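**Student:** Can you make the complete structure from the sequences, with help from the hints?
Protein chains: 2
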Amino acid sequence: MGLVVQKYGGSSVADAEGIKRVAKRIVDAKKNGNQVVVVVSAMGDTTDELIDLAGQVSPIPAGREFDMLLTAGERISMALLAMAIKNLGHEAQSFTGSQAGVITDSVHNKARIIDVTPGRIRTALDEGNIAIVAGFQGVSQDKKDITTLGRGGSDTTAVALAAALDAEVCEIYTDVDGVFTADPRVVKKARKIDWISFEDMLELAASGSKVLLHRCVEYARRYNIPIHVRSSFSGLRGTWVSNEPQGDQKVEHAIISGVAHDVSEAKITVVGVPDKPGEAAAIFRTIANAEINIDMVVQNVSAASTGLTDISFTLPKAEGRKAIDALERNRGTIGFESLRYDDQIAKISLVGAGMKTNPGVTAGFFEALSDAGVNIELISTSEIRISVVTRADDVIEAVRAVHTAFGLDSDSDEAVVYGGTGR
Amino acid sequence: MGLVVQKYGGSSVADAEGIKRVAKRIVDAKKNGNQVVVVVSAMGDTTDELIDLAGQVSPIPAGREFDMLLTAGERISMALLAMAIKNLGHEAQSFTGSQAGVITDSVHNKARIIDVTPGRIRTALDEGNIAIVAGFQGVSQDKKDITTLGRGGSDTTAVALAAALDAEVCEIYTDVDGVFTADPRVVKKARKIDWISFEDMLELAASGSKVLLHRCVEYARRYNIPIHVRSSFSGLRGTWVSNEPQGDQKVEHAIISGVAHDVSEAKITVVGVPDKPGEAAAIFRTIANAEINIDMVVQNVSAASTGLTDISFTLPKAEGRKAIDALERNRGTIGFESLRYDDQIAKISLVGAGMKTNPGVTAGFFEALSDAGVNIELISTSEIRISVVTRADDVIEAVRAVHTAFGLDSDSDEAVVYGGTGR
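These protein sequence lines map, in sequence, to chains A and B.
Residues in the first sequence are numbered consecutively from 1, following our numbering.
Residues in the second sequence are numbered consecutively from 1, following our numbering.
These are calculated hints, taken from the structure and not from any lab test.
Predicted model, so just to flag it, every value in this text is computed and none were measured.
Careful, some of the hints might be misleading.
Any copy, or any two copies together, can satisfy a pair, since identical chains are not distinguished.
[To be verified] When the alpha-carbon atoms are kept at most 30 angstroms apart in a straight line, the in silico BS3-like pairs for lysine-lysine are as follows: (1) K144 - K110; (2) K322 - K276; (3) K143 - K31; (4) K24 - K143; (5) K20 - K144.
**Tutor:** Now the structure itself:
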């Protein structure tokens with residue numbers, strides 16, 4: 001008998017009908033002879049509504065209390081789901097993150113899982129129950145306070161439980177049919193990927209693909225837990241993410257896995273930096289001290305006549321104001337002429353392990369963009385990814401051109417189920 | 001420095017404005033030099049909405065999961081309240097029932113508190129925090145499952161914490177100004193009671209007064225915790241409930257505390273019961289086995305010619321169907337001719353320790369009803385209470401007549417704040 005962990009996002013359990021539909025799917029997995037552990041997010045917009053309420057009583061909600069507030073959402077959905085399953089004649093028990101043994105550090109609102117001790121889950125399974133676990137939440141090791149795992153936290157809960165319980169697979173149910181070669185809202189001919197490696201999925205997630213978050217894939221890779229991303233609506237086979245394809249998992253696209261894009265970043269250019277050792281370090285130490293994560297970095301060739309150079313980097317738009325402030329405060333120490341801020345940029349990335357041994361990929365990528373009349377502002381490459389920054393206005397055209405150029409377009413205009421994604 | 005436990009019902013924290021208003025009141029108590037523990041109910045209609053959701057996914061929600069669901073409501077209100085207090089510049093920490101050490105038995109949906117171990121609350125107070133505790137919930141001693149305390153459970157949480165922390169007073173904030181000599185919606189001239197004994201309050205609660213529930217008063221009496229029932233809107237002094245009046249607590253109504261009425265009961269008459277030993281026992285054993293609590297019981301004088309008698313009793317309307325079914329199933333064993341069910345009755349009760357030594361009270365009560373043209377169907381008395389059952393249609397006239405006859409009417413038509421009550 002296999003052990004399966006299933007995770008359902010907020011859009012899959014948005015109302016009573018959704019909960020009953022999901023309950024049927026869970027019972028089917030149980031009837032197929034599996035032990036079933038289910039991780040569930042808060043219903044639909046519950047979390048946003050709670051965040052809104054918090055904003056009404058306090059402009060800067062405190063971390064500990066904010067986590068206590070938000071975790072109410074999963075308590076509601078998991079209890080209702082357990083009831084719906086019992087109503088179908090099967091035994092189910094719901095568990096908070098704390099009851100499920102999800103132990104985290106004490107960083108409220110974005111805690112990291114440091115251990116999973118699923119003793120109560122194991123007991124519930126051994127007694128023939130389906131175990132329903134609140135996603136997105138845990139309990140801090142030192143203070144025993146309720147914590148939340150931040151965006152995409154329920155996926156991480158599911159993978160972490162799958163690892164701790166040595167599950168055969170972690171099924172991530174969402175409102176799309178799987179991982180696509182590009183965002184199907186942008187590229188109508190995007191193809192669903194049948195199988196993708198952890199490495200390629202990590203690069204896609206880092207490049208703007210929203211279906212799985214980076215942290216969740218990283219966790220799955222570390223513990224070698226196959227992930228199956230699929231739709232809770234269609235019931236079709238989705239995308240398998242694992243080390244190696246298994247059985248009849250098709251590997252059609254040996255060279256390129258997909259095209260990702262990201263319009264959530266901004267670009268800061270530090271103009272007129274003295275071209276001497278230690279300058280770049282001073283800039284990025286300043287940014288790091290402000291706890292801002294940066295993405296791409298490019299230093300222009302120095303103009304010999306002035307001895308000055310420009311350094312550009314990209315970062316989340318939400319961090320833009322903080323970064324500019326930090327740099328201005330340290331202007332004297334760093335030494336630069338001016339700062340330029342640009343939030344009208346897009347990043348387009350081509351991802352695929354095959355490009356390591358295919359030298360023509362980079363050239364083909366740039367040619368496709370050039371043919372589409374898209375200007376490139378920054379370039380960054382890894383062994384299995386090429387990313388460029390373009391004007392935000394060019395993003396749709398750029399993604400479509402690259403998708404077609406690398407033969408990723410589907411033959412048919414197949415219907416694609418797509419909405420937002422749960423957390 | 002004194003320790004005060006305050007409890008706020010759902011109507012007091014129905015929205016963000018309510019939460020901010022309550023936060024100010026709590027901070028005022030802290031500024032007055034008290035250590036403050038606050039017990040809070042779920043916001044407004046949250047609990048009813050959750051119950052409705054449960055009904056949509058399952059016709060018979062399971063106890064354990066139902067409790068998990070309902071307790072989400074208090075997590076939301078307590079976290080928001082803690083945030084609102086912090087926003088006023090004071091330290092606050094919220095605690096679930098489990099974190100607050102509210103240990104219960106395992107009877108889901110109506111658990112009883114068996115111990116309170118408020119170690120974390122004590123620590124929070126010693127560190128200068130205001131402690132916010134989720135009302136209505138606890139954790140079961142044996143299984144460590146989340147439990148709820150049933151209707152009025154938040155009041156019981158507050159009194160139990162006050163006892164465990166040896167508080168000076170347990171303040172129950174609600175949307176009325178205190179306990180009145182009669183329901184102010186029925187009797188416009190009802191007077192707010194300044195002080196009332198535990199015993200009289202217990203009788204009023206048992207007779208239909210909704211301001212404080214019987215279980216909460218019983219707990220307070222056992223541990224001798226004074227209760228102060230007051231409005232979270234007006235801030236006026238309310239009603240003190242305690243063993244003895246203290247300081248300037250006025251004791252105006254030495255004989256009679258008030259008139260209560262209750263239209264939530266029904267009457268069952270078992271017709272044609274053989275008048276021999278063991279018959280009544282057989283009837284009430286049947287009812288007890290069905291876990292139904294009954295209230296008043298009356299056996300008519302046997303008609304000598306037939307050797308048969310009738311036995312009538314009252315019980316909550318909600319239990320009527322179950323009681324009839326249980327009696328019908330045991331008809332052969334018990335032996336009776338027929339059953340009569342009547343849910344158009346009202347119970348009117350006069351409560352006051354003074355009546356023990358005032359023999360005229362009973363007569364005065366019946367005269368007042370008679371003068372108002374109200375017919376009496378059943379009578380039941382204790383040392384400090386007389387109750388009668390009348391037609392439901394007569395209840396308003398009966399309550400007003402008795403209130404006036406015993407001199408309880410207020411001199412002025414004072415404005416009275418009244419709405420529903422939280423749980």
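**Student:** Next step is simple, just say for each hint if it's right about the structure.
**Tutor:** Status of the hints after comparison with the structure:
{"no.": "1", "hint": "K144 - K110", "verdict": "both (16 angstroms within a copy, 27 angstroms between copies)"}
{"no.": "2", "hint": "K322 - K276", "verdict": "within (26 angstroms within a copy, 89 angstroms between copies)"}
{"no.": "3", "hint": "K143 - K31", "verdict": "between (40 angstroms within a copy, 28 angstroms between copies)"}
{"no.": "4", "hint": "K24 - K143", "verdict": "between (38 angstroms within a copy, 28 angstroms between copies)"}
{"no.": "5", "hint": "K20 - K144", "verdict": "between (33 angstroms within a copy, 28 angstroms between copies)"}
The structure is consistent with each of the numbered hints, conforming to all of them.
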